[in-house]
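Trainee: Sequence:
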Amino acid sequence: MSRSVPAILPVLAFLGALAVLLPPAGRPADFRLFFDDFSGDLADRWIPFSFPGPRITRVRGNPPPGLDNGSAANRRGGVISKRLFQLEPGLILKADILISGGGGDAVFGGSLGLPRDPEAFIRGRWPEWLVGMSYDYIGRTDWSRGAIPEGGILTCSLIDEDGGLEISRRPYLTRWLGSWHNFEITILQSGFVEFRLDGELVYYSRKRISFGYSQLPLLLGHLSGKGGKVYHDNAEVRAGRIPSGPGAGPGE
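The numbering used here numbers the first residue of the sequence shown as 6 and each following residue consecutively.
Fair warning: there could be bad hints in the mix.
Here are the computed distance ranges between Cβ atoms for each label pair [to be verified]:
no. : residue 1 : residue 2 : range
1   : R130      : E205      : 31 to 39 Å
2   : R174      : P68       : 28 to 36 Å
3   : L89       : R180      : 33 to 41 Å
4   : R180      : F36       : 29 to 37 Å
5   : F36       : Q220      : 14 to 22 Å
6   : R130      : R174      : 18 to 26 Å
7   : P176      : E124      : 28 to 36 Å
8   : F216      : D46       : 31 to 39 Å
9   : F216      : S173      : 19 to 27 Å
10  : D167      : V64       : 44 to 52 Å
11  : I172      : G217      : 13 to 21 Å
Here are the simulated DSS-like cross-link-like pairs (lysine-lysine), alpha carbons at most 30 Å apart as the crow flies [said to hold, decoys possible]:
no. : residue 1 : residue 2
12  : K99       : K212
13  : K87       : K234
14  : K99       : K87
15  : K99       : K234
For the record, the hints were derived by calculation from the structure and aren't laboratory data.
Heads up, the beta-carbon is just placed ideally off N, CA and C, and yes, glycines get one too.
Let the hints inform the model, and build the full structure from the sequences given.
Mentor: The following block contains the structure:
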């Protein structure tokens with residue numbers, strides 16, 4: 006009996022390692038398709054747009070380095086991934102975003118999502134969202150008075166199965182300004198979409214997303230202004246079978 010013990014040790018070690026890799030009971034299995042912590046060359050994985058364009062900063066990040074959105078005031082800009090992703094149930098988009106505190110008439114924000122028209126940036130236009138999530142600071146501007154409160158605005162949007170725009174805007178004032186926060190979009194198996202901030206479910210779509218699009222890049226960025234800075238880090242795309250229903254996604 007004692008001679009058989011050494012022979013079984015490698016098997017036990019393998020099973021132990023496998024147990025570490027498997028997801029916890031009740032949690033869906035998913036796997037990473039893409040990840041960038043911006044420790045390499047920006048041009049290796051991304052196409053920047055706007056001028057001055059986004060750039061890697063070695064002093065800001067979660068942890069450093071990170072992506073400085075770097076676009077000019079009142080001009081939207083960001084980066085589009087060179088890798089394309091199949092739009093399908095189970096797709097998960099994640100990124101850490103820092104929107105610095107603002108004041109006065111500043112307008113700036115950061116965002117994460119999949120664009121409807123990825124080629125729009127070549128024509129100098131912002132690629133509008135197929136599904137996206139953004140957090141913006143809107144200061145005391147003439148056009149926003151009375152319509153949008155000053156402070157932070159969280160926006161979740163998608164193009165639904167009928168081709169309509171579903172959008173939710175929530176004023177959170179300055180709750181998420183000035184520090185890093187994790188943004189996450191999950192397309193459930195049912196086609197409905199969960200939007201999470203730091204793991205908290207902040208919006209659940211009323212309709213299913215339109216699957217009439219395929220092979221789309223990840224988009225980061227939005228709008229930098231003269232009164233504040235925007236940074237992105239730890240961009241990630243995952244895929245897997247995600248249960249249906251509010252709160253059933255990988256954040257649980």
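Trainee: Confirm or reject each hint.
Mentor: Results of checking the hints against the structure:
no.	hint	verdict
1	R130 <-> E205: 31 to 39 Å	holds, 33 Å
2	R174 <-> P68: 28 to 36 Å	holds, 31 Å
3	L89 <-> R180: 33 to 41 Å	holds, 34 Å
4	R180 <-> F36: 29 to 37 Å	holds, 33 Å
5	F36 <-> Q220: 14 to 22 Å	holds, 19 Å
6	R130 <-> R174: 18 to 26 Å	holds, 22 Å
7	P176 <-> E124: 28 to 36 Å	holds, 33 Å
8	F216 <-> D46: 31 to 39 Å	holds, 34 Å
9	F216 <-> S173: 19 to 27 Å	holds, 21 Å
10	D167 <-> V64: 44 to 52 Å	holds, 46 Å
11	I172 <-> G217: 13 to 21 Å	holds, 18 Å
12	K99 <-> K212	holds, 21 Å
13	K87 <-> K234	holds, 25 Å
14	K99 <-> K87	holds, 17 Å
15	K99 <-> K234	holds, 20 Å
Every hint from the earlier list agrees with this structure, and none is contradicted.
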